[in-house]
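K.L.:
Listed here are the chains, written in short residue letters.
Number of protein chains: 2
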Amino acid sequence: MKKHKLIFSLLVFNILIYSCGEHAIQYDDPLPSWNEGSTKQSIVDFVDEVTNEASPNYVNPKDRIATFDNDGTLWSEQPYYFQFQFALDRVKEMAADHPEWNDNPLFKTAIENDMNTVMKSGMKGLMEIIKTTHAGMTTAEFEQSVTDWINTAKHPKTNKRYTDMVFQPMLELLDYLRANGFKIYIVSGGGIEFMRPWTEEVYGIPPEQVIGSSIKVKFELREGTPVLVKLPELDFFDDKEGKPVAIHKFIGKKPVFACGNSDGDLQMMQWAASNTYKSFMLYLHHTDAEREWAYDRESHIGRLDKGLDEAIEQGWTIIDMKRDWNSIYPYSD
Amino acid sequence: MKKHKLIFSLLVFNILIYSCGEHAIQYDDPLPSWNEGSTKQSIVDFVDEVTNEASPNYVNPKDRIATFDNDGTLWSEQPYYFQFQFALDRVKEMAADHPEWNDNPLFKTAIENDMNTVMKSGMKGLMEIIKTTHAGMTTAEFEQSVTDWINTAKHPKTNKRYTDMVFQPMLELLDYLRANGFKIYIVSGGGIEFMRPWTEEVYGIPPEQVIGSSIKVKFELREGTPVLVKLPELDFFDDKEGKPVAIHKFIGKKPVFACGNSDGDLQMMQWAASNTYKSFMLYLHHTDAEREWAYDRESHIGRLDKGLDEAIEQGWTIIDMKRDWNSIYPYSD
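Residue numbers (the working numbering), protein chains in the order written: chain A, 1 to 333; chain B, 1 to 333.
Be a bit skeptical, because a hint or two may be false.
To be verified - Cβ-to-Cβ under 10 Å is the rule here; a few derived chain A residues that face chain B:
id, residue
1, Pro206
2, Val217
3, Phe219
4, Gln267
These are calculated hints, taken from the structure and not from any lab test. Quick caveat, the model's predicted, so the values are computed rather than measured. Don't be surprised by glycine CBs; every beta carbon is placed ideally from N, CA and C.
Chain A with its partners taken away, still in its complex shape (with noise of 0.2 Å):
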């Protein structure tokens, strides 16, 4: 009889363990790439916290929405945002059809391939350059387009796909936070239609997790069918002050974990940190000149300079990438 209770209650306990995933019990280091230190610690202690239900600071679990930039913080952004090359190689595409885009001073940098200008016009010019490029398309042509250059493009530097220069450690972070019941949201400052077609391969981020910036489209029947036509007009710009409004238009609650890495998320940051709920704000600073790119205060890409102030005001947590991670891309290990 002993020997068959023994036999039972394991096996019970297994079932119950592996039949529902998201109970999970995790034994082993859930975040290999992150060195100890208190960064990490801070990380594992809140986490920790929120999910005890006898703790104060339990969060209900329909609560744990946990909000990402995506830009340089789920994967690199240097030396130009990677949905700039995207536009940009659209833009030589199309050139030879729009002899007007010579008068616009925007597009001439982009078909003369002058980045640096280019990249001074920041993620309001990228959306110019969407906004123009992309008009007329239906959203599903466009799907396609992104899909195409995604599986194609190469990074200059790298050389690597654009999708193989996501952080190692985030993809552990995310999972960490899955595994503990927290619901993730991308809230970026770059395209939703960009990002939508691979972030669930990639990030485990199903497209009605991914908030972005947009462009108007139109609904319309052609020949019964019907379709979403973009139209050459921006109808949301995702970045700072808007990041707080589209939080709360797309999910209509406060995130309790919020992680950028730019004064462009300074907002979500604010946002989050005034939730009802004890919550954790995550600055990724960039760091590390030799394995990814250094920069901060006088970056046109990216800048972090007041939010590395109130980061460091408010006691938010920093990650420094150099001293934080063991390892940068999955490729790399």
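Got chain A; can you put chain B on it based on the hints?
P.N.:
Only chain B this time, still in chain A's reference frame:
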């Protein structure tokens, strides 16, 4: 030994069933308020088919997106949209401080309680009133005013709380779809912020799965605390062509199941019908003047005219409320 094995098997079976709610096996009729007949059968047949892995029309769980209109679909909408009453109650409360409203025909009729004229302004008029009466409030203040109203206001005809006037058969349908792995969204012409405070409790639909019309908001720091302040400007009108636009923006996938009751839902139906997966389009036809209301082609509220023609032409399923439902509201059981 045999006895042990049997007990063991039964226990494991129970554990497997009860440990993962989403895979629970349902033996009882999941739709008891639906009369037997072709409408109910078509719903059950569709769900059986798309959840059967052996079927050529199997739908991957991550793509089981269902979109439901709210007014007239999940709850009643007569003699005028319930949010109208909320807005008018606000207008009357605030009228003394706004003498200028007497010069605005829409507001004047509202203050004079001339509901017939106000009703003719439709959902657009409602949004006009909402954006004016709520400008300057923070989103948190607005949420509180909705909560206060929904907990106390009563319907002029039934004298029931508005949230008591949800359709019992639809509550069963939502549960049934969820039990079969569908992710349910509300896609309503009504205000997103008017619905979110109570949809989770009433329908089991969390805020992040509620899509609707909205007015613009602005991020502000008030003495260091971030707030979103409502502006007197429409952000998005989620009706007719707006519904597929919003579905694309918020979800990024086409529904496989769409349910509505008016011409305002027709484009959402067309969008679902164009899914590459087999999809199901369900119109509720209000045919029960005794237990609810009977209206369609000529109604100012919830007009169903073009939608009815197209539903018949395309062979979409049409609920005949009087014939198909043996119960209307939860309290009438």
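K.L.:
Next, verify each hint and record whether it holds.
P.N.:
Hint-by-hint comparison with the structure:
1. Pro206: holds (6 Å)
2. Val217: holds (6 Å)
3. Phe219: With a closest approach of 4 Å, the A:Phe219 hint holds.
4. Gln267: Cβ of A:Gln267 sits 6 Å from chain B, so the hint holds.
Hint compliance for this structure: no hint is broken.
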